[in-house]
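One-letter residues, chain by chain:
6 protein chains.
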Amino acid sequence: MKEERDSELLWLTIREEVREFSEREPALASYYYANILSHPSLASALSFHLATRLGCDSVPEMTLSEVFTSALTDEPAILEAVVADIYAVYERDPACNHYVLPMLFFKGFQAVQAYRFAHWLWRKERRSLALFLQNRISTTLDVDIHPAAQLGKGIMIDHATGVVIGETARIGDNVSLLHGVTLGGVGTGHQVRHPQVGDGVLISVGAKLLGNITIGEGAKIAGGSLVVDDVPPHVTVAGVPAKIVGKPAHSVPSLDMDQGM
Amino acid sequence: MKEERDSELLWLTIREEVREFSEREPALASYYYANILSHPSLASALSFHLATRLGCDSVPEMTLSEVFTSALTDEPAILEAVVADIYAVYERDPACNHYVLPMLFFKGFQAVQAYRFAHWLWRKERRSLALFLQNRISTTLDVDIHPAAQLGKGIMIDHATGVVIGETARIGDNVSLLHGVTLGGVGTGHQVRHPQVGDGVLISVGAKLLGNITIGEGAKIAGGSLVVDDVPPHVTVAGVPAKIVGKPAHSVPSLDMDQGM
Amino acid sequence: MKEERDSELLWLTIREEVREFSEREPALASYYYANILSHPSLASALSFHLATRLGCDSVPEMTLSEVFTSALTDEPAILEAVVADIYAVYERDPACNHYVLPMLFFKGFQAVQAYRFAHWLWRKERRSLALFLQNRISTTLDVDIHPAAQLGKGIMIDHATGVVIGETARIGDNVSLLHGVTLGGVGTGHQVRHPQVGDGVLISVGAKLLGNITIGEGAKIAGGSLVVDDVPPHVTVAGVPAKIVGKPAHSVPSLDMDQGM
Amino acid sequence: MKEERDSELLWLTIREEVREFSEREPALASYYYANILSHPSLASALSFHLATRLGCDSVPEMTLSEVFTSALTDEPAILEAVVADIYAVYERDPACNHYVLPMLFFKGFQAVQAYRFAHWLWRKERRSLALFLQNRISTTLDVDIHPAAQLGKGIMIDHATGVVIGETARIGDNVSLLHGVTLGGVGTGHQVRHPQVGDGVLISVGAKLLGNITIGEGAKIAGGSLVVDDVPPHVTVAGVPAKIVGKPAHSVPSLDMDQGM
Amino acid sequence: MKEERDSELLWLTIREEVREFSEREPALASYYYANILSHPSLASALSFHLATRLGCDSVPEMTLSEVFTSALTDEPAILEAVVADIYAVYERDPACNHYVLPMLFFKGFQAVQAYRFAHWLWRKERRSLALFLQNRISTTLDVDIHPAAQLGKGIMIDHATGVVIGETARIGDNVSLLHGVTLGGVGTGHQVRHPQVGDGVLISVGAKLLGNITIGEGAKIAGGSLVVDDVPPHVTVAGVPAKIVGKPAHSVPSLDMDQGM
Amino acid sequence: MKEERDSELLWLTIREEVREFSEREPALASYYYANILSHPSLASALSFHLATRLGCDSVPEMTLSEVFTSALTDEPAILEAVVADIYAVYERDPACNHYVLPMLFFKGFQAVQAYRFAHWLWRKERRSLALFLQNRISTTLDVDIHPAAQLGKGIMIDHATGVVIGETARIGDNVSLLHGVTLGGVGTGHQVRHPQVGDGVLISVGAKLLGNITIGEGAKIAGGSLVVDDVPPHVTVAGVPAKIVGKPAHSVPSLDMDQGM
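Protein chains in written order, with the working numbering: chain A, 1 to 261; chain B, 1 to 261; chain C, 1 to 261; chain D, 1 to 261; chain E, 1 to 261; chain F, 1 to 261.
No lab work stands behind these hints, which were simulated from the structure alone. Worth double-checking, as some hints may not be accurate.
It does not matter which identical chain is used: a pair holds within one copy or between any two.
What the hints assert, rightly or not - Capping the alpha-carbon separation at 25 Å, the derived lysine to any residue pairs in SDA-like fashion look like this: (1) Lys247 to Asp199; (2) Lys124 to Arg24; (3) Lys153 to Glu75; (4) Lys153 to Asn135; (5) Lys247 to Asn212; (6) Lys243 to Asp258; (7) Lys247 to Asp230; (8) Lys124 to Pro40; (9) Lys243 to Val186; (10) Lys247 to Asp229; (11) Lys243 to Glu66.
Whole structure, please, built from the sequences with the hints as guidance.
In structure tokens:
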């Protein structure tokens with residue numbers, strides 16, 4: 001599998017897909033050209049596309065595009081995470097039958113990548129630009145991720161509307177979140193006050209996780225649950241408030257997307 | 001009642017309403033003229049207005065407007081559904097005291113009609129334009145309906161923010177949904193994996209229905225419920241996970257909008 | 001504390017903050033100048049900034065800005081409420097460490113202030129412009145507050161996406177709401193059909209309050225709850241449907257933001 | 001020659017040209033699709049393209065497009081003139097080697113066709129919209145033609161910047177004008193006070209014709225001339241003020257574009 | 001005549017005109033409302049309208065509008081000049097049969113008023129904003145007036161495209177210029193190097209006046225002339241280079257607009 | 001002098017100038033940052049700024065910026081010409097007292113550099129994009145240079161409105177043109193049919209040069225002249241039609257900008 005994760009191979013596949021789309025739908029031909037085919041690399045295409053999504057009068061597209069390019073150059077791990085996220089969506093979402101779809105059409109994917117840039121700005125002490133970007137993401141993509149939050153790679157946020165991830169939250173690798181999920185804070189202090197989520201966790205639609213709690217590796221949180229206590233690894237919790245109701249069928253529940261209980 | 005459902009009569013009523021609005025609020029006079037009064041028919045006004053909502057640099061307003069007009073000409077049933085949806089909102093939402101309000105001001109109504117055009121594109125095999133449109137609807141109206149989903153007529157989605165309706169979902173006629181409702185998928189296969197909702201169902205705010213389950217005709221799903229099993233006709237279910245808690249007072253609960261339990 | 005609530009002092013502090021931001025981040029220098037530093041007063045800056053958020057082709061920014069300025073002149077209580085709301089966010093949200101952040105970057109704060117202008121228009125019988133504004137707020141900030149609803153001051157709506165507050169709802173002073181909260185209606189009549197919320201209440205993430213119910217002063221509604229009955233003062237309720245589960249630690253739970261149970 | 005002037009044949013040729021352009025330049029593929037290939041007729045494409053040129057916040061593109069479509073339907077002679085103008089540019093301008101170029105890229109052609117719509121509005125007594133359009137043409141295309149002026153068909157305005165044609169001016173068929181040409185008024189009365197230009201005249205770059213004077217059929221006005229007196233048919237005039245300096249080599253000097261003296 | 005020049009009376013007349021236009025042309029009703037009817041004064045309407053013309057991403061409309069309002073407050077003579085210019089156009093241009101036309105539709109009038117604000121900025125030592133504004137005027141209205149130039153009142157620039165007025169030029173009161181007129185510089189030094197134009201002068205279409213020359217009061221410069229020497233008062237000059245060819249029929253030739261020789 | 005022409009030194013000087021401007025005028029601080037200070041090189045800043053000027057819905061800013069960057073990389077002579085042009089304007093135009101002004105504020109400079117990119121596209125056989133760009137330049141900057149024309153370096157086009165340079169025109173190095181100048185064609189064939197202009201020529205305001213004529217090195221063409229015959233080196237011509245009237249005081253008249261006769 002390792003080899004397939006190669007950014008260069010992925011980029012060639014995406015170009016192939018888009019060439020075919022482009023021939024079939026002339027109304028989008030220049031859109032595909034401007035966003036994909038005219039670019040020399042995935043990094044260049046991503047910077048361009050996210051900039052068109054998030055640019056505005058106050059911080060124009062080209063300025064954003066240059067910021068994103070700087071981040072990708074400065075920190076190669078960002079692109080690795082981007083690639084892992086594309087594979088994550090492709091493999092977990094049956095409605096995603098082309099590798100290019102997340103980048104062009106899925107709000108959750110776009111919001112996560114834009115967060116990665118805001119997070120980079122935050123660590124570079126350009127905090128007001130990071131907050132500006134957070135607001136742009138929240139306004140245009142309806143996902144509110146604080147730039148100080150820490151997310152791993154292989155992340156999928158499906159449908160995305162209404163997701164909130166707070167300042168001191170931490171999310172491991174290969175985690176799947178559905179729309180309406182909240183990793184919210186408890187209290188008004190400056191200590192860690194948001195959830196710490198382990199690898200491979202599946203958090204189903206509209207679940208609310210509140211406070212400095214630990215969600216163990218491979219756990220599953222059922223839809224609509226309210227979680228205010230630690231969750232052990234590899235269990236399923238459900239309810240308001242949530243209780244342990246079983247064990248996920250899969251050791252990495254984020255992969256099989258079985259949102260049922 | 002039949003006669004009142006006539007598209008032509010509705011159009012005359014809407015024009016009458018708007019003429020009065022226009023006199024009272026000069027700041028919106030040209031808005032009303034451009035969106036309603038300058039048009040020869042409801043179909044023309046709808047194409048125009050949705051195009052102004054969803055157009056962007058990549059697919060400009062006028063191109064969308066022509067696509068919508070083509071769809072309405074090609075498939076008269078779309079306009080019938082539009083008319084039924086306007087009456088649905090007018091009759092079920094007490095805050096809606098004019099027939100023109102859904103078209104101009106209600107995100108849920110606009111999202112459903114835009115979905116109807118995306119659905120038409122999907123069936124015409126213009127799938128990437130359909131996906132583009134789905135993304136535009138999700139970004140601007142905060143409602144995510146897969147273009148392959150199947151919706152009946154007389155549909156109301158009230159307030160609308162955060163509604164998600166997946167690829168293999170099916171919704172009957174005269175159904176009311178509130179904001180935050182999810183008809184979500186379970187699993188990663190390509191079979192039917194989303195809910196199948198019968199006629200006259202009321203799905204209250206934030207309810208999550210997951211997987212290939214059947215919601216019987218005239219059922220009511222209480223707010224915040226998590227539904228992962230079939231629901232028989234004419235019962236009320238509630239809770240996380242949802243259980244049967246009674247029967248709706250009305251045989252068609254979508255009409256009386258009694259969201260209580 | 002009284003003195004600190006002074007609008008003039010707050011304005012000077014905000015300018016001081018922004019001057020420092022401006023020096024550190026040249027990409028935003030003109031943004032800060034245009035939105036804050038070039039203005040003679042908080043009222044002027046607020047009118048300007050909200051107009052840039054909500055203006056569109058149909059009702060341009062400058063027209064909105066003039067409407068907002070008229071409202072602030074006509075009714076000084078609006079500015080008092082604005083000031084109280086800024087303090088509310090600053091004191092209750094640990095991620096808010098500057099007084100200027102709510103105005104420039106927080107969707108919930110922006111939506112509440114824009115509602116205040118829509119509410120003023122509604123009472124001035126400019127109802128179609130009020131509805132237009134409600135739609136603009138819902139579309140751009142993902143918060144749907146009916147212009148006829150009645151909100152007190154010292155209101156915080158954190159993160160904000162998906163909040164719905166219906167036509168006959170009433171909210172007291174110093175109330176905190178999280179994203180995804182609904183104050184929804186029950187039934188189709190024209191009587192009071194939405195919740196009446198007392199002072200100091202905390203309504204946690206995704207809670208749904210439905211119908212003409214009274215939420216007593218200082219009550220706390222846990223995340224994800226479904227509330228369809230009256231809630232006495234100074235109790236905590238939770239669950240679907242919600243039951244009394246205890247008492248808030250703080251007499252004014254909106255202030256300590258303890259969303260746990 | 002008659003047959004070639006057929007609008008339908010021209011339209012097929014234009015589509016053929018654009019299909020080839022589109023394949024060679026993907027950055028413009030959707031531009032060509034939206035402006036030409038997606039349209040059923042030359043009339044539809046022209047309405048669309050001019051509307052994108054002249055639309056603005058106050059009178060949006062789609063409203064203009066509908067006005068232009070109405071004019072073309074109401075008065076078929078407009079389309080005849082459009083067709084004649086396309087042939088005029090193609091035959092007289094060696095830099096124009098495709099029939100589609102005038103419509104998409106030449107300001108003079110665009111200004112003349114937009115004037116034809118303003119002229120139609122003027123005669124329909126929609127005078128303030130006609131003046132609005134005149135201002136839009138002058139602002140975006142740098143050509144100022146009063147909507148009451150009368151122009152024939154087979155008109156070419158090459159390069160176009162700075163051309164002014166006054167309220168009571170009259171221009172025959174098959175006339176060529178270069179940029180900087182003025183047909184200006186003398187005096188402040190309401191009688192005819194602008195030039196009356198016969199068929200086949202060539203008015204070279206920067207020539208100024210002032211007052212109610214008659215320019216005879218087939219005359220040539222040399223570049224930079226100031227003409228304040230009648231000019232007989234089939235002579236060449238030059239100078240400030242202009243005098244007869246010879247006879248044009250061609251009986252229809254607008255066709256051979258010999259601007260020399 | 002004095003009384004008619006009153007700004008307040010003019011404002012009432014303009015409102016009356018616009019109310020009538022507005023009723024006749026609903027497509028422009030909101031345009032008229034936003035630009036004229038919603039304003040309390042001519043000064044307010046002018047600031048608004050010019051800001052919509054000249055605003056851009058870098059310096060947004062509302063920022064410009066505030067600059068213009070400051071100038072009008074700081075220096076009442078600007079408004080006097082505006083009023084005089086409106087009367088000038090109304091009285092001298094037969095195509096101008098309503099007082100509102102110059103402000104909304106005539107590029108020359110708009111350019112002169114915008115120059116007045118740039119000139120104010122220049123004297124306030126905000127030179128780079130003044131140059132920015134000069135560039136915006138030149139780009140959108142095709143008139144290039146250096147902000148350091150000095151213009152009197154009662155100025156009309158008809159049609160306007162291509163007019164250039166250099167840094168050390170000076171123009172008296174009640175002067176009429178046509179499009180294409182240049183008041184250009186000679187040499188590269190920093191002394192006065194542009195024309196000094198007396199009161200009541202008429203400079204006809206495309207005339208070029210170059211260097212530090214004096215144009216005497218009441219002189220007339222014929223169209224297309226090249227003037228490189230002083231011109232005495234009350235004579236007519238014409239030709240390339242220009243020579244005295246007679247005397248104007250009117251003692252103030254700018255008023256009768258007799259561009260003939 | 002050589003050393004001062006160094007692109008790197010010029011870039012440092014421009015940054016220094018802009019830093020000072022930026023401190024004095026906060027309304028433009030982000031404009032200066034986005035267009036100059038955030039860029040690593042003159043080439044990068046130029047690509048960015050011209051793209052903001054010429055981008056539109058059909059070919060967005062970022063696409064243009066990438067085309068311009070490709071051209072500058074592919075052909076280093078373009079940047080050399082840009083540098084020479086900046087010095088040309090700075091040294092010849094007394095109103096230009098900072099090196100940054102041409103790039104940000106002078107239409108003539110901007111049009112020439114944009115032509116250089118269109119010319120590069122033309123030679124790369126991307127002709128329809130070159131024509132598209134020519135139209136954008138003509139529409140936004142009012143200068144019409146055919147992409148096939150050939151221009152040297154050290155070119156200044158002052159004020160610029162209305163300049164037209166035809167398809168087979170050729171201009172040497174260190175030439176100065178004023179606004180309204182035409183290098184126009186004669187006839188309808190495909191041979192050379194436009195002027196061939198030698199080094200160091202000054203063509204004054206509104207002069208019209210027509211046909212395949214040769215303008216000798218160091219010649220001066222007086223304002224408003226009509227030139228239809230060859231002009232020998234180092235003479236001054238004037239009139240309609242132009243005749244030899246003397247010799248320029250300077251051997252390179254483009255440098256002293258003495259437009260007089």
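Here is what the structure says about each hint:
In this homomeric assembly, Lys247 and Asp199 come within 25 Å of each other (Cα to Cα) only inside a single copy, at 16 Å, whereas the closest approach across copies is 36 Å. For the identical chains of this complex, Lys124 and Arg24 are inter-copy neighbours only, at 12 Å across copies versus 44 Å inside a copy, given an alpha-carbon limit of 25 Å. Taking CA atoms no more than 25 Å apart as the test, Lys153 paired with Glu75 passes inside one copy only; the shortest distance there is 14 Å, against 41 Å between copies. In this homomeric assembly, Lys153 and Asn135 come within 25 Å of each other (Cα to Cα) both inside a single copy, at 22 Å, and across copies, at 24 Å.
Both within a single protomer and between protomers do Lys247 and Asn212 lie at most 25 Å apart by alpha-carbon distance, with minima of 23 Å and 21 Å respectively. For a Cα distance limit of 25 Å, the shortest separation of Lys243 from Asp258 qualifies both inside one copy, at 18 Å, and across copies, at 21 Å. For a Cα distance limit of 25 Å, the shortest separation of Lys247 from Asp230 qualifies both inside one copy, at 15 Å, and across copies, at 22 Å. Taking the shortest alpha-carbon separations for Lys124 and Pro40, only the inter-copy value of 19 Å comes in at or below 25 Å, while the best intra-copy value is 27 Å.
Proximity of Lys243 to Val186 under the C-alpha cut-off of 25 Å is found in both arrangements, the shortest distances being 20 Å within a copy and 21 Å between copies. Taking CA atoms no more than 25 Å apart as the test, Lys247 paired with Asp229 passes in both settings, with 17 Å inside one copy and 19 Å between copies. In this assembly of identical chains, Lys243 and Glu66 lie within 25 Å of each other by CA distance neither inside one copy nor across copies; the values are 47 Å within and 53 Å between.
In the structure shown, a violation is registered for the earlier hint numbered 11 alone.
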